[in-house]
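J.: So you can see what is in the structure, the chains are spelled out below.
Protein chains: 2
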Amino acid sequence: MAAVQAAAQAAATPATSAPPARWQRLLPALPILDWGQRYDRATLAGDAVAALIVTVMLIPQSLAYALLAGLPPEVGLYASVAPLLLYAVFGSSRVLAVGPVAVVSLMTAAAVGEHAAPGSAAYWPVAITLAFLSGAMLLAMGLLRLGFIANFLSHPVISGFITASALLIAASQLKTLMGVQAQGHNVADLLIDLARQAPQADLRTLVVGVLATAFLFWVRKRLKPLLLRWGLPAQAADFVGKAGPVAAIAVTTLLAWALQWQAEGMKVVGAIPPGLPPFTLPRWDPALWRQLAVPALLISVVGFVESVSVGQTLAAKRRQRIAPDQELVALGASNLGAAFTGGFPVTGGFARSVVNFDAGARTPAAGVFTAIGILLVTLLLTPALHHLPQATLAATIIVAVLSLADFGILRRTWAYSKPDFAAVAATLLATLGLGVETGLLVGVGVSLALYLWRTSRPHIATVGLVPGTEHFRNVQRHAVRTRPALLGLRVDESLYFANARALEDHVNDAVAAQPALRHVVLQCSAVNAIDASALESLETIAHRLRDAGITLHLSEVKGPVMDRLQGTALLQQLGGPVFLTHYQAMAALAPEVLAEPAESAPCS
Amino acid sequence: MAAVQAAAQAAATPATSAPPARWQRLLPALPILDWGQRYDRATLAGDAVAALIVTVMLIPQSLAYALLAGLPPEVGLYASVAPLLLYAVFGSSRVLAVGPVAVVSLMTAAAVGEHAAPGSAAYWPVAITLAFLSGAMLLAMGLLRLGFIANFLSHPVISGFITASALLIAASQLKTLMGVQAQGHNVADLLIDLARQAPQADLRTLVVGVLATAFLFWVRKRLKPLLLRWGLPAQAADFVGKAGPVAAIAVTTLLAWALQWQAEGMKVVGAIPPGLPPFTLPRWDPALWRQLAVPALLISVVGFVESVSVGQTLAAKRRQRIAPDQELVALGASNLGAAFTGGFPVTGGFARSVVNFDAGARTPAAGVFTAIGILLVTLLLTPALHHLPQATLAATIIVAVLSLADFGILRRTWAYSKPDFAAVAATLLATLGLGVETGLLVGVGVSLALYLWRTSRPHIATVGLVPGTEHFRNVQRHAVRTRPALLGLRVDESLYFANARALEDHVNDAVAAQPALRHVVLQCSAVNAIDASALESLETIAHRLRDAGITLHLSEVKGPVMDRLQGTALLQQLGGPVFLTHYQAMAALAPEVLAEPAESAPCS
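Protein chains in written order, with this note's numbering: chain R, 1 to 604; chain P, 1 to 604.
Read the hints as simulated data drawn from the structure, not as lab findings.
Check before you lean on any hint, since a few could be wrong.
All copies of an identical chain are treated as equivalent in the list; a pair is satisfied when it fits inside any one copy or across any two copies.
Computed cross-link-like contacts, SDA-like style, restricted to lysine to any residue with a CA-CA straight-line distance of at most 25 Å [said to hold, decoys possible]:
1. Lys558 x Thr469
2. Lys558 x Trp414
3. Lys267 x Leu190
4. Lys317 x Arg546
5. Lys175 x Leu375
6. Lys418 x Glu539
7. Lys558 x Tyr583
8. Lys418 x Arg564
9. Lys558 x Glu470
10. Lys418 x Leu571
11. Lys558 x Ser456
12. Lys418 x Asp563
13. Lys317 x Ala502
14. Lys418 x Gln566
15. Lys418 x Asn151
16. Lys558 x His506
17. Lys418 x Ser456
18. Lys558 x Arg454
19. Lys558 x Leu489
Keep in mind the model is a prediction, meaning the values are calculated, not measured.
Take the sequences, apply the hints, and build the full model.
T.: And the structure:
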């Protein structure tokens, strides 16, 4: 956190300011102390406008994501107040908006659904407990500076996971769009159940849902260009475009209220008890905690990754930085806040943060104002939401999540690298077929396994001298000079236990194929580390070569690797000193090759 | 297997022989077809002598390891016949001796003990099923060429595991030495139970056991030097030294028979039913198979690693090679053979293979002769083993396994590399405290996690020009030239998802610290791969730098990496072409630094 504070101060104050004192660096960092000191009227105006726009956007989203998580709609509002306030205090991003988001809500539904039936009295307390565990884990990871764990989710795995989650979410919303009940933890089960339920579909719900979806897609893709062509200023066109969802909600709510659709069987949001978010406690049940531990960890990591990538992207646009470990603390506090105020797991959302940024938010105070806005709605305006059709909310979710799906990643990774493609495909298929938790674990497992597999099969090139230079290149790619008595091998990988044996095998094979061999020189310019297993293998190689009358040499060993090799038996077993350059090795061991006139290039 | 055949043929025939035809390469390799064709009288003599010596050594070992595995002693003899014959047909090592070994027997006891009480009727069939599963897995791994899996057991993990297993085995034999019953899956439980049972110890058993142990240690350490000092020829001294254990067995057996110790309460081997090994079938019980799957896999991998390292060491002494994938097939066949002839999991043993090699075995026919020898003993000589005290067998096990323990590995890895030390210590402690299976899994997990952790934090050096040369070196280690407008960074790691973010952070920090910066050049000589995540990060870096008026360049990109980057958006986002050398980058971007006179060295 010292780094966070230092970074925040560097951004805030001239470079001449003194570094924080030792006691200050031990205190938890509070970014609010930085931006709060310099808060002024202009900043206030920007923050307030942004907060108003985000509040209008968040109300239907909060309701919708609570329903997606299997919770009553008002829980989405509760989860949008305390987390925003706490993030404003602890967060290092100036514009991140924290609250319920689609993928985390889906993961919450999957995790809580294992322990309670959606709609039952036992369901909500489990969701609260999940938020508590997730918050505690995020906080602990932040304090222990374990933010690097998120680095083990590769971009292909994240893309595959988000794309599959978007499909799962869209499929799960079809039932609301049709006004039926359908279940299934994977896409196939869900679609089969939906097809079975299709005859019971409520026609009016279906029409409203499909029209709302079509309208929202049209607003997203076509409205803004149309308005621009009509001569509206860009900013106004942008604002109207973003207000589209609000229009869909207002129109369908008014229609449902005027025509009394609820009485005719359409599902609407219904009565939301007005009032402050309740004070709640997680269930104190170690057995439940153990069972929720893995889902909570996955939700934490996914939420953290989503939040940090949004935060970093937006911070970079204004040349600001965010501090990942501080973000863990802030998200941890936000989730703990959600747990104690009747909410469920939250994180920094992509769409709302972008809207907040575009609308001109300057500091996390915008989040505070948004929280106040939502609180006012929760206290005063819930009756206005009574007749909002659930099908309209389903339509907003479908349109929102399908913009997250990125099928192009399959084509791009296929073109660039097959292991990355395999990681995307495995994550995508496992998430669709086996559910979100298994899918994510499969993705991480596959990507790590493929990485380890690649490093366990190092590229080892036989190198020769490029005539007229001091450079050595792969004999298979370049016309180079070699000698039967000398073998130069360039090892293109750090040497560690998984590839130590491959090196032994390669040297054995190369020696068997070159009977006149007297010297083997390993060029170590790409060897960034040698672990104890590889050291033993190198000693074995030196020993076996010596038995065959061949000496082993090393060249171009990097400083840190050389430091470590000092004092090992290996250095005594070599045929001489470690050569600083491969050229020096050649000059010492096979000088005649240097004396030859260059065939292809003059000496320079 | 094509490679095996090719290698075997290369060793057997002059280099002019034609490569195997396509259909031949598709057939399973049978090394016996190679050495069998050239078998002659001299080879027969060497093999027969070696077989005689190994048979004498194997009889007590087989009995002892069967007892260690919780099985009746004769099962050890059964497990030493069919596996030896099958290995002779399929194995690629000329001298490996397959049969029950200490560590695998301990693992068998741990795995089977979960499903049946030692000594109960249900125990043996579970052991047979375990051998069957292990054999099937080894065979499948061999056919699918998955031998590389064993590379993920690092040397430190193997050393820690073997050392801890040796301690566990020695501790478990103390109860036999004391003539009591004691249980416990970890060393602490076992020793506590032993202390509790101590008052019930059988004094005669204890005296015989302790004396036998002391004698065997003396034979191992002192007898051969003594005999040499007395003027015995080296070979004879060696032979007498190896015959020591036989003397201990003969003497204690004769005493037990003459003095009727069994009647006075001493545990002896007892009546062994003479006859051929029985035909047995594994239990056809999918639920049991599922539960035994992980232990069977661990036993397979540990057995394979032990066997291959012995085989490779001995093959190298005679300039032969072994083929790891063929070894998997051979060990698979051996274990399947054990399962169908009343045996239990087997692998290539260290001590017996060395004895076989030293005694002059030339081909796997020595294994066939040994199998015949053990078969004859099983048929004819079991009455002679009746009075062999179990305490003597315990003494032979203790002396054998303590030679496997290698505590020096702790000191050596501590000195060389702390992560390797951590892997040894974790494996050692987990194996002692949590049992063999958990211990091994902990070891593999810790060593992989430490490797991934290291690669996720790449060493990134800021480099400058060494005056008077074309070389670039770390500014922190060398007096080099740099320019405020140009930053050269050498990335000492392949770029992949786990370290992509670290690179972004490093570049961000470096840019923030150098306000006059115009160009960043990443020197990629140690970057052996760039995955899709790292490509995205590089694009992000290029994008952010461009926003700040800084251009990103790459230099010294390796051929395979460059091939892959062709056609990506990254190359368009760079500030120009990829430089072949870092020096060329400097010459193009900051030529003034080259023109300066060298302070420390004349131009060469």
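J.: At most 25 Å between alpha carbons: which applies to Lys558 and Arg454, within, between, both or neither?
T.: Both, since 22 Å and 16 Å are each at most 25 Å.
J.: Between copies, within a copy, both or neither: which fits Lys175 and Leu375 at Cα up to 25 Å?
T.: Neither: 30 Å inside a copy, 71 Å across copies.
J.: Between the shortest in-copy and the shortest cross-copy C-alpha distance, which are at most 25 Å for Lys317 and Ala502: within, between, both, or neither?
T.: between (46 Å within a copy, 19 Å between copies)
J.: Measure nothing new, just compare the shortest in-copy and cross-copy C-alpha distances for Lys418 and Ser456 to 25 Å and report within, between, both or neither.
T.: Both: 17 Å inside a chain and 22 Å across chains, each within 25 Å.
J.: Checking Lys558 and His506: alpha-carbon separation at most 25 Å within a copy, between copies, both or neither?
T.: both (22 Å within a copy, 20 Å between copies)
J.: With identical chains treated as interchangeable, where does the CA-CA distance between Lys418 and Arg564 reach 25 Å or less: within a copy, between copies, both, or neither?
T.: Cα proximity of Lys418 and Arg564: across copies only (11 Å, versus 36 Å in one copy).
J.: Could you place Lys558 and Trp414 in one of the four classes (within, between, both, neither) given a Cα distance threshold of 25 Å?
T.: The answer is between: 21 Å across copies meets 25 Å, while 35 Å in one copy does not.
J.: With 25 Å as the alpha-carbon cut-off, assign the pair Lys317 and Arg546 to within, between, both or neither.
T.: between (60 Å within a copy, 12 Å between copies)
J.: Up to 25 Å between alpha-carbons, please classify Lys267 paired with Leu190: within, between, both or neither.
T.: The answer is within: 20 Å in one copy meets 25 Å, while 65 Å across copies does not.
J.: Treating 25 Å as the Cα threshold, decide for Lys558 and Glu470: within, between, both or neither.
T.: both (18 Å within a copy, 17 Å between copies)
J.: How do Lys418 and Gln566 come out at 25 Å by Cα distance, when the copy is not named: within, between, both, or neither?
T.: For Lys418 and Gln566, only the inter-copy Cα distance (15 Å) is at most 25 Å; the intra-copy one is 40 Å.
J.: When Cα atoms must be at most 25 Å apart, do Lys418 and Asn151 count as within-copy, between-copy, both, or neither?
T.: both (20 Å within a copy, 23 Å between copies)
In the structure shown, a violation is registered for the earlier hint numbered 5 alone.
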